[in-house]
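What follows is the residue order along each chain.
There are 2 protein chains.
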Amino acid sequence: MTGPVVVLVDPQMGENIGMCARAMLNCGLTEMRIVRPRDGWPNQKAIDASSGAVDVIENAALFDTVEEAVADLTRIYATTGRKREMVETVMTPRAAAADIRKRESTGTERCGVLFGGERSGLTTEDVALADVILRVPLNPDFKSLNLAQAVLLVGYEWFTAEDATPDSTVDIGDSRPATRNEIDIMIERLGRGLDDGGFFRSPDMRPTVMRNIRMLFQRSGLTDQDIRTVHGIVESLRRAGPEPRKGG
Amino acid sequence: MTGPVVVLVDPQMGENIGMCARAMLNCGLTEMRIVRPRDGWPNQKAIDASSGAVDVIENAALFDTVEEAVADLTRIYATTGRKREMVETVMTPRAAAADIRKRESTGTERCGVLFGGERSGLTTEDVALADVILRVPLNPDFKSLNLAQAVLLVGYEWFTAEDATPDSTVDIGDSRPATRNEIDIMIERLGRGLDDGGFFRSPDMRPTVMRNIRMLFQRSGLTDQDIRTVHGIVESLRRAGPEPRKGG
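Those protein sequence lines, which keep their order, are chains W and R. Numbered by the working numbering, the letters in the first sequence go through residues 1 to 248 in order. Numbered by the working numbering, the letters in the second sequence go through residues 249 to 496 in order.
The hints are simulated quantities; they were obtained by calculation from the structure and are not laboratory data. Fair warning: this is a prediction, and the values are worked out from it, not measured in the lab. You can trust all of the hints, since none of them are fake.
Straight line, CA to CA, 30 Å or less: simulated DSS-like cross-link-like pairs of lysine-lysine: (1) W:Lys143 with R:Lys293; (2) W:Lys143 with R:Lys350; (3) W:Lys143 with R:Lys391; (4) R:Lys391 with W:Lys102; (5) R:Lys293 with W:Lys45; (6) W:Lys45 with R:Lys391; (7) W:Lys45 with W:Lys143; (8) W:Lys83 with W:Lys143.
Chain W is nowhere near these chain R residues, computed Cβ spacing over 10 Å in every case: (9) Glu306; (10) Ala309; (11) Phe311; (12) Thr354; (13) Leu377.
Don't be surprised by glycine CBs; every beta carbon is placed ideally from N, CA and C.
Work out the full structure, taking the sequences as your base and the hints as a guide.
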């Protein structure tokens, strides 16, 4: 995977360029291009703020104009929150991420995303160079993102567009999931203890209550270690004998 | 929509708390809780860095322990990149966002997300208080996010989980899409001009080439203004007459 080129247009603070590099590498993006950085280049503050994404900073290419920075690209996306008086396709970062993945997979396309500077974002001329406007869905009453955060969201969508992380898993370390038989034995032992302790006022309620108790344990996704723990709890509580009466 | 409570545990720099507030409000989240801020509270740097999300800062509640900060919540998510030696459900922010939306829609649940401080993140004890571990899918070789960026990604997923923004649209400002008949008339006029200019070497190729030209225009999603522009182009080019021969 290569991923889109990140083009920073008129960025001001070196710290922000560095934080962009960090956000890029968080998402597996490595190719940064910079157009007219206000404070010159190279910039030590950018390196300091990159939190280790130094390669991204050191390999960043410098350009005098946006046209030169995107000359070799086949598909250009411009991030902007403002509405423009022009006719252009507008995509969410998620849709654009899928679009970029599809185009890059052909091997003939190279995509880039333009990000405007801190002060005023991209000019209308910059946006007109792009094929697509990228607009992040955010709180309409407070939608101004800082530069590195805009880069992070676009990169994150690109990264997760093909990431195979399951939505939800259970980490069980060195344990293994309990077998149904292990759960049965544990529930039976618990049930005997409850019988002996007079838990069930009426025998009629026993099946329902025991089923609810079983469900309570099953919902938690028991491991072999959990089973041993519950056995230990049952044994200990029985051995402990009755609690002393309050005030008795 | 209310959204999850954001709980910052042992945050250090006021600037980072401020940037968290900004990221929260970007995503429509407003309830911040802070456990043991290193540099005290209130913190002017937090207000300065919030870029206008001052209400979030001023309404933030302060706590001495994580237990107190989450006491009224029904469902707690802990953000951590590190693997822990415990059995716990792990979700992506996207799956957790859907989970939070579903739970909050019942009106009986209140969710919260724990974020650890800049230095070392959440302790294992903090994580054990949570029902679910939230792990952001990122570059496995460079996955450390700064605090505000972690808050942003979780908030962004929560916001977009019910955001109705279409994946892709075309902004056409004050224009309206061209009708099929307007396109037909434009293409016919263009065709006449090409006939007069000897564009078609062989009459056989005319239907195919004209169809390709029509597709080229249709792909761009023409507006009524575009149609007028193309009419003007055809008219002007015909009026301009032949280009002078080079070197002639």
